[in-house]
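> Each chain, letter by letter, is given below.
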Amino acid sequence: QQQVKQSPQSLIVQKGGISIINCAYENTAFDYFPWYQQFPGKGPALLIAIRPDVSEKKEGRFTISFNKSAKQFSLHIMDSQPGDSATYFCAASKDSSYKLIFGSGTRLLVRP
Amino acid sequence: EAGVVQSPRYKIIEKKQPVAFWCNPISGHNTLYWYRQNLGQGPELLIRYENEEAVDDSQLPKDRFSAERLKGVDSTLKIQPAELGDSAVYLCASSLDRGRFTGELFFGEGSRLTVL
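Just so you know, the sequences run in chain order A and B. Residue 61 in our numbering sits at position 61 of the first sequence, with consecutive numbering throughout. Residue 91 in our numbering sits at position 91 of the second sequence, with consecutive numbering throughout.
Everything labelled a hint here was simulated from the structure, so no lab data went into it. There's no promise every hint is true.
What the hints assert, rightly or not - Which residues of chain A face chain B? A partial, calculated answer using Cβ under 7 Å:
| no. | residue |
| --- | --- |
| 1 | 5 |
| 2 | 34 |
| 3 | 40 |
| 4 | 42 |
| 5 | 44 |
| 6 | 47 |
| 7 | 95 |
| 8 | 98 |
| 9 | 102 |
For clarity, every value in this text was computed on a predicted model and none was experimentally measured. Where a beta carbon is used, it is the ideal one built from N, C-alpha and C, also for glycine.
Between the sequences and the hints, there should be enough to build the whole structure, so can you do that?
In structure tokens:
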């Protein structure tokens with residue numbers, strides 16, 4: 001059972017543009033929603049995370065928007081750069097489980 | 001500070017052969033995870049350790065997979081015998097959780113297994 005659905009599967013954006021990746025979850029008990037960034041040949045690395053007590057969190061060019069009623073959250077990358085080209089994974093977990101459920105990933109390519 | 005170290009980076013074996021992966025977590029991290037990442041997919045948890053205790057192995061295929069974490073530091077994941085469907089990247093991660101899940105996992109670069 002896929003508990004976290006991520007879209008799109010791939011995304012091409014011009015340098016300077018906005019990249020938007022969406023995720024939807026099913027389990028209302030989830031209370032932690034991180035985004036991980038993975039470069040080829042590397043392990044995933046935490047990019048930014050949010051808990052459901054806020055609707056938005058911004059760190060530099062990266063913003064998470066969270067809609068609890070719709071059970072959706074998204075990653076916005078402003079002023080996208082070629083160095084942002086990577087695969088992005090959303091994830092969700094319940095604190096008590098210590099288990100991250102990952103989405104299937106979005107492969108982002110930022111063209112110069 | 002050194003990150004999570006995994007070896008080998010790549011392994012090619014024939015089906016039915018055994019294989020083992022090793023992980024050295026970040027110093028002081030009490031929680032250690034093994035994840036499996038199939039091509040084009042997100043990581044899936046196999047097992048989680050709190051210090052030397054396996055506290056969640058519900059998704060570990062116990063008929064062929066085994067794991068251990070000696071003295072609460074290094075860990076080894078073993079597959080015996082390997083099947084074609086085991087081809088994947090095996091990721092080790094660690095985190096420092098003091099009574100509450102921080103959610104920040106530090107992943108190693110992974111061990112890519114190809115079963116022929």
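> So, for every hint listed, does it hold in this structure?
We went through each hint and held it up to the structure:
Below 7 Å, beta-carbon pairs count as interface contacts, and residue 5/A has none with chain B, the closest being about 11 Å; its hint is therefore violated. Proximity of residue 34/A to chain B holds as hinted, the smallest CB-CB distance being about 5 Å (cut-off 7 Å). The beta carbon of residue 40/A comes no nearer than 11 Å to any beta carbon in chain B, farther than 7 Å, and the hint placing it at the interface is violated. Taken as an interface hint, residue 42/A checks out: its beta carbon lies about 6 Å from the nearest beta carbon of chain B, inside 7 Å.
The interface hint given for residue 44/A is met, as the beta carbon of that residue sits about 5 Å from the closest beta carbon of chain B, less than 7 Å. Restraint check, residue 47/A versus chain B: the minimum CB separation of about 11 Å is more than 7 Å; hint violated. Proximity of residue 95/A to chain B holds as hinted, the smallest CB-CB distance being about 5 Å (cut-off 7 Å). A distance limit of 7 Å between C-beta atoms decides the matter here; for residue 98/A the minimum to chain B is near 5 Å, and the interface restraint holds.
A cut of 7 Å between beta carbons decides the hint on residue 102/A: the least distance to chain B is about 3 Å, and the hint holds.
Taken one by one, the earlier hints fail for this structure at numbers 1, 3 and 6, listed in ascending order.
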